[in-house]
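A.B. asks: Residue numbers (our numbering), protein chains in the order written: chain V, 1 to 341; chain D, 1 to 341.
Since the hints were made in silico from the structure, they are not lab data.
Identical copies carry no separate label here, and so any pair may be met within one copy or between two of them.
Straight-line alpha carbon distances no greater than 20 Å define the calculated EDC-like cross-link-like pairs of lysine to aspartate or glutamate that follow: (1) Lys155 to Asp104; (2) Lys297 to Asp170; (3) Lys297 to Glu216; (4) Lys155 to Glu102; (5) Lys297 to Asp175; (6) Lys155 to Glu92; (7) Lys85 to Asp74; (8) Lys39 to Asp74; (9) Lys155 to Glu90.
Number of protein chains: 2
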Amino acid sequence: MDKPLFLRTLAGQASPTPPLWMMRQAGRYLPEYREVRAKAGGFLDLCYNPALATEVTLQPIRRFGFDAAILFSDILVIPHALGQKVWFAEGEGPKLEPITGEADLVRIDEALSLERLAPVFEALERIRAALPAETALIGFCGAPWTVASYMIAGKGTPDQAPARLTAYRDPAFLDRLIDLLVESSIAYLCRQVEAGAQVLQIFESFASALPPGLIERLSFAPLRCIVAGVKARHPHVPVILFARGAGPRLEALAATSGAEGIGLDWSVDPAWAAATLDRKAILQGNLDPLALIAGGKALEDGVAAIRAAMGDRPYIFNLGHGIQPQTPVAHVERLVALVRS
Amino acid sequence: MDKPLFLRTLAGQASPTPPLWMMRQAGRYLPEYREVRAKAGGFLDLCYNPALATEVTLQPIRRFGFDAAILFSDILVIPHALGQKVWFAEGEGPKLEPITGEADLVRIDEALSLERLAPVFEALERIRAALPAETALIGFCGAPWTVASYMIAGKGTPDQAPARLTAYRDPAFLDRLIDLLVESSIAYLCRQVEAGAQVLQIFESFASALPPGLIERLSFAPLRCIVAGVKARHPHVPVILFARGAGPRLEALAATSGAEGIGLDWSVDPAWAAATLDRKAILQGNLDPLALIAGGKALEDGVAAIRAAMGDRPYIFNLGHGIQPQTPVAHVERLVALVRS
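Make the full structure from the sequences, and use the hints.
C.D. replies: Below you can see the structure in the form of structure tokens.
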């Protein structure tokens, strides 16, 4: 039997139409998601409920037939499983009890307990069993810098100022935290593969604010370590790196990361990326999620521009960031038709 | 008599040490600023009080002998002078009564009234009269896209989603608003020159979230129009464009804008910029403001990296964004010594 289109593309095969999925495709824009979410309790309760996490992961596949499903979870399950207090206040985003220096490290474990994440792996097994063979299953985690910036600030912050200041003031502590997250991410991603994930995506949501003197040490080197660590155990599982806001630094990342896929955020010119980034990198992206909300000409022009830019380069169609809750479902249907036409 | 170092550099002359100023150099990190601010009333009251605006503009020059003073004001004086309701809630950032479509345009004027901005021009005259001859005086305004994003959302917003969605949904309205801001900015900047400004900086604070299909239309083309409009009346006044988050698109901006200076935010690799951007562009930047807060090795390494990257290219030393309130004054003194050593 043929490999799924998504995996063939990540192996470098071109195809008449690209595979398609959307970041945050299991989400609030879907009425069936909102229904499950309402009965799940808190957000983390949903992440840790294998039956419900499976259900919401499958919903967009049933509706749109995307080429890949992505595990419904959150990048903050790693700090949570390390023992940091993490909670999601309704309408406020995540909150954590901040870990601001070496002294606070006593409040978390020295290594990740995979047992605490057992419901995630159970969800992956259920999802893989339920998915059509042609649909790839993506596992994921957050990049160490992005996760560390939440762990240090205790919340999302503009330009990750608390963590960035820590990088200047207390580099030894930050390096230690990043190392812990690298090790944890490798263990977590490998276990995801063993539970059924066929592709892994690492979300570096906060590359934009890292200055040139820090991005290699805090983002690219840890990402490279995770890719190498995962590939040491699972050499054939492709990895996609989504480094939002990396801009021209994507060139260095694509050339050196060891990952098969490079995600493009919506601010990246796909023509620049196609012309500049390592030919071996499979690009993924990058429609502005707001063009999908707007629909009509904005949507059509956006899809056409990405298609034209990619030319004969194999690529994965995606948004340049997560789909927004106010996106009309009809616009997603139109996107699917446009990409597959 | 010699031209000030700042103007000579913008004219393309190299010098043994670069001219130096800091974005938001008149600000809360200075005790003497906080004293004036406390007695001024609201933030806009300070902007519109020529004596106090002059005083705070001069404070950092007296303390540090920077090569340029920048008018103390705010980019939102243009919407305010157009008749939009603008206020600064303590600790919350600016608020405006949103203008979300054509129908709301009746609430503002069809052209900028320079009379309402008379206190700004009076401040410039006083500042120029009080400044040493070797210190250049910078006037400024916000770029149309950045200002429009505040006018539409009524506040600062992550990724300027309301204005970006407007760009897709109601391009005719947004183009009309941008055109009004282009005309207003030209008139405002020209009047600033006539009141004593010797250099003009345009702040495009929000270039990062603009996708490739919008950045030319909403940011670069309007910036080019303003530069051309100002130069039609004042051909010898240099202009600096600070397009924060423009990343690799700076190359196109530098090659086509008609401006003498290109500001670099802290995320831009100065070595990339020096190697890539049009040789005629005078680069300005770009120390991470948090490296200045941290001081010590982070500050020294940051200064050394910029100096090494610029090589023999004439450049202006600055931060990559505004100085933060918690910056120790002693670190600014150290920065000045490092840059001038």
